[in-house]
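The primary structure of each chain is shown beneath.
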Amino acid sequence: MSEQELVSLLKKGDREAFDELIKIYQSKVINIAYGMLSDREDALDASQEVFIKIYKSIDGFRENSSLSTWIYRIAANICKDYLRKRQRTAKTVSIDNTDDEDNEIITIADSNDTPEERIEKAELQEEIKLAINSLSEDYKTVLVFCDIEGMSYDEIARILKCPTGTVKSRLNRARQALRKKISENRELFH
Amino acid sequence: MNDMFYENIDLYAYGDCTEQEAALFEQHIKSCEKCRAEYELACSVKAAMCSMPRITPPADFSRQINNRLDNELKKKNSRRLLRPGYRRYSAAAACLVLAAVLGADGMKLIDGTRVDETTLPFEASLHTQAPQSDNADESTPESVYPTENPVTEYVLPSETASAYSDVPSSQFKPDTARKASSTPTAPVSAPAASQQPTAVPQPEKTTAPVQQASIAPEVSVEPEQDTAADAAETMIPSYMDPRDHVVLASTVERQYKTTGVNVEDLPVKERNLAAEFALLENPRTGNIIANPATLSSLEGVEIAQIKDNRSGVHEYGIGSGSILISAKDKDAVDEILEKYVFSEDNSYYYFTADNFKYFIDELNQTGITYKEHLIPGEGSNVAFKLVVA
Chain R
250 MSEQELVSLL
260 KKGDREAFDE
270 LIKIYQSKVI
280 NIAYGMLSDR
290 EDALDASQEV
300 FIKIYKSIDG
310 FRENSSLSTW
320 IYRIAANICK
330 DYLRKRQRTA
340 KTVSIDNTDD
350 EDNEIITIAD
360 SNDTPEERIE
370 KAELQEEIKL
380 AINSLSEDYK
390 TVLVFCDIEG
400 MSYDEIARIL
410 KCPTGTVKSR
420 LNRARQALRK
430 KISENRELFH
Chain A
2 MNDMFYENID
12 LYAYGDCTEQ
22 EAALFEQHIK
32 SCEKCRAEYE
42 LACSVKAAMC
52 SMPRITPPAD
62 FSRQINNRLD
72 NELKKKNSRR
82 LLRPGYRRYS
92 AAAACLVLAA
102 VLGADGMKLI
112 DGTRVDETTL
122 PFEASLHTQA
132 PQSDNADEST
142 PESVYPTENP
152 VTEYVLPSET
162 ASAYSDVPSS
172 QFKPDTARKA
182 SSTPTAPVSA
192 PAASQQPTAV
202 PQPEKTTAPV
212 QQASIAPEVS
222 VEPEQDTAAD
232 AAETMIPSYM
242 DPRDHVVLAS
252 TVERQYKTTG
262 VNVEDLPVKE
272 RNLAAEFALL
282 ENPRTGNIIA
292 NPATLSSLEG
302 VEIAQIKDNR
312 SGVHEYGIGS
322 GSILISAKDK
332 DAVDEILEKY
342 VFSEDNSYYY
352 FTADNFKYFI
362 DELNQTGITY
372 KEHLIPGEGS
382 NVAFKLVVA
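First to last, the protein sequences are chains R and A. The number in my numbering is simply the position in the first sequence, starting from 1, with 249 added. The number in my numbering is simply the position in the second sequence, starting from 1, with 1 added.
Source of the hints: derived by calculation from the structure; they are not laboratory data. One should not assume that every hint holds.
[Unchecked claim] Between beta-carbon pairs, the in silico distance windows are:
id, chain 1, residue 1, chain 2, residue 2, range
1, A, A60, R, E372, 26 to 36 Å
2, R, D268, A, T19, 41 to 51 Å
3, A, T370, R, R422, 40 to 50 Å
4, R, P364, A, K77, 30 to 40 Å
5, R, N361, A, N78, 49 to 59 Å
All values derive from a computational prediction rather than experimental measurement. Just so you know, even glycine gets a beta-carbon here, dropped at the ideal spot from N, CA and C.
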């Protein structure tokens, strides 16, 4: 089914088309949310909200951008809502690799890494998650979209509705902030 | 240590500098231990971020979403059922469902010819049924309001019609044929009660049961004289509380006449609009309310620009409106908008309720002056048109 056909069916409230949309985008949306929220349950909850928002707002999609751009924009905004609510309620999140139900979060192993390198990478990834968690939502967004999800600067610019140059400079500042935070944390804990 | 290199080490690590700059960095880190350590950290971080742990979607993720969506839609429906006047909805809804079950073929009215006696037309059912008693089925299936055309034509109540003397009162008759088709209403006959219903697909999401016993045989039907109460209560969109709105005008021409806009000045496309929208008046404030369903279309945007020739204030349904800013602030406002908006539709910006609050907060914090004409949302999205003075 083409994107146009999918959108057309969604605008008619077709639930099968909605299921198809979920199937196509669920992994990306969930992991964008996980990158921004660092908590599996919040990520799943926020992702559900994203798809429900898509269903209810599909009439507002004017097809002058790609569907994915629109979906990821909604995901970013809903995650930002969660982050602000979290700030207001002063909720802390667990940066563990498992959740309460012991559903393991899959770690991607590079077959070229030695076991020691894998351990080092896993430890660094924990540091990264901790550091990202302390950054502003703008920095989190660009880091998640670009460095974790592998989107291009242009794609991110379309999602965030800002110039590509803004994305580049924001990303540079975000990476700098991330690196500095990791260094600070290392000095604190070692 | 050279601060310029240290501060921009990430540009080099991520390949975001020119070849010349890269050569300078490479040269520098050979001799600067601190920058070399930071460069190595940046490269490690870059590699680690490419393979961050990922969540596998739960197997029943789609089912969870659909269940949650169904619950939200049910809550929305039950809120509607609590509003006064819904009985008239349920009367209309029950009739439509009944017509569907009995094999109604409303399309036979398209050519305005006599209806097949084996069918009960949608349109006739609305006119033959008296308002239901308290025991009438009270569910209002969403399918009564087809999703493609969520708003039916509205009729000006007689008392309000008199305030607009330029609009002949004879124009204000219910045109419920619009609901099922584009044909004008025609006198029709109801079928005999003994007719067996033919199998027809049930409307989706309908919950109203069949009420076959209520159809009287051989009833000759004429379009009823519409009362203001009937018009207002049967024609208000489901998301609006009928207590709060007075129907003003239905077709494009009537709306423009009502509000003083010269139809001849409109672009051809708008003059030929299907009347899938309505202008309503909030009796408490006197403000004109445009059907929010129109906001998703170009036509709706133009309707929203109609100046109310009485109060000059516009409301655009729940959680919508306009915000007026000065031209000198446009760039600053655009920058703030981009942070919070999730959809844009022909100069209308859509926000979640929370993000809209943050947007307003930031406008206030930056000292940008603005004037808003908005109706507070009920936790739903907010949409507004940005008007630049």
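Hint check:
no.	hint	in the structure
1	A/A60 / R/E372: 26 to 36 Å	31 Å, holds
2	R/D268 / A/T19: 41 to 51 Å	48 Å, holds
3	A/T370 / R/R422: 40 to 50 Å	30 Å, violated
4	R/P364 / A/K77: 30 to 40 Å	54 Å, violated
5	R/N361 / A/N78: 49 to 59 Å	56 Å, holds
Violated hints for the displayed structure, listed by number in ascending order: 3 and 4.
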